[in-house]
Amino acid sequence: GAVVSQHPSWVICKSGTSVKIECRSLDFQATTMFWYRQFPKQSLMLMATSNEGSKATYEQGVEKDKFLINHASLTLSTLTVTSAHPEDSSFYICSAIGTENYGYTFGSGTRLTVV
Amino acid sequence: DQQVKQNSPSLSVQEGRISILNCDYTNSMFDYFLWYKKYPAEGPTFLISISSIKDKNEDGRFTVFLNKSAKHLSLHIVPSQPGDSAVYFCAASGSQGNLIFGKGTKLSVKP
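Residue numbers (the numbering used here), protein chains in the order written: chain A, 466 to 580; chain B, 77 to 187.
Just chain A, with the same shape it has in the complex (with noise of 0.2 angstroms):
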């Protein structure tokens, strides 16, 4: 049990568009969400914390305005970059928490490439 589908898994998209990224609980409730980005050196930084039907809680330093995180439902949530640029190309990740105890469960990822 406890899956996390996030999707798309890589998406190229033009400088100045905005791209969704999606992460769905697939088998339980994720009452809160993390997403992350992923720099080099495998670090990664968490970007947000959203819990579902409140506002995100933005890391020091993450624009919300950029990065916008909706966590409408118990089972959906999204990350979405507004008027991309070459810099925000990255590794993004999220996971979940939920009322079971699964413990945190990670998506995929998504490698998002601005062109």
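Hints in this document: simulated from the structure, not taken from any laboratory. Treat the hints with caution; some may be incorrect.
Quick list of in silico lysine to any residue cross-link-like pairs, SDA-like style, CA-CA up to 20 angstroms [stated by the list, open to error]: (1) 113/B / 502/A; (2) 179/B / 507/A; (3) 147/B / 106/B; (4) 529/A / 503/A; (5) 182/B / 562/A.
Position chain B against the provided structure of chain A, taking the given hints into account.
Same frame as chain A, now just chain B:
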């Protein structure tokens, strides 16, 4: 199906003893493995990694062992310290550089 499995959700160890965290994987194409440590309210931080061409990598108190034939890796912490108490994630790097995580093992090191 899970490609990276951490079958022990929690582990409790006495301070000074060895902590052994285990991880199994199913995809023989994985060529790089990583361990992350996560404190509450923080993102996972990279701890140690190992390439599939090696069977051991050591960094201070942390050693990762890789058994490719068994598709198994383990993280050894010696000696364990209370500050090591955290959730530890095993991850494998896929062909596109994406990370595939296990569900984590919560380590508690008791003084």
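Do the hints match the structure? See the list:
At most 20 angstroms may separate the alpha-carbon atoms for a hinted pair to count; residue 113/B and residue 502/A meet this at roughly 16 angstroms. Between residue 179/B and residue 507/A the alpha-carbon distance is near 18 angstroms, which keeps this suggested pair within the 20 angstroms criterion. Taking the CA atoms of residue 147/B and residue 106/B, the gap is near 10 angstroms; set against the 20 angstroms cutoff, the hint holds. Pair hint residue 529/A plus residue 503/A holds up; C-alpha atoms about 18 angstroms apart against a cutoff of 20 angstroms.
Simply put, residue 182/B and residue 562/A have alpha-carbon atoms about 14 angstroms apart, close enough for the 20 angstroms limit, and the pair holds.
The structure agrees with every numbered hint stated previously.
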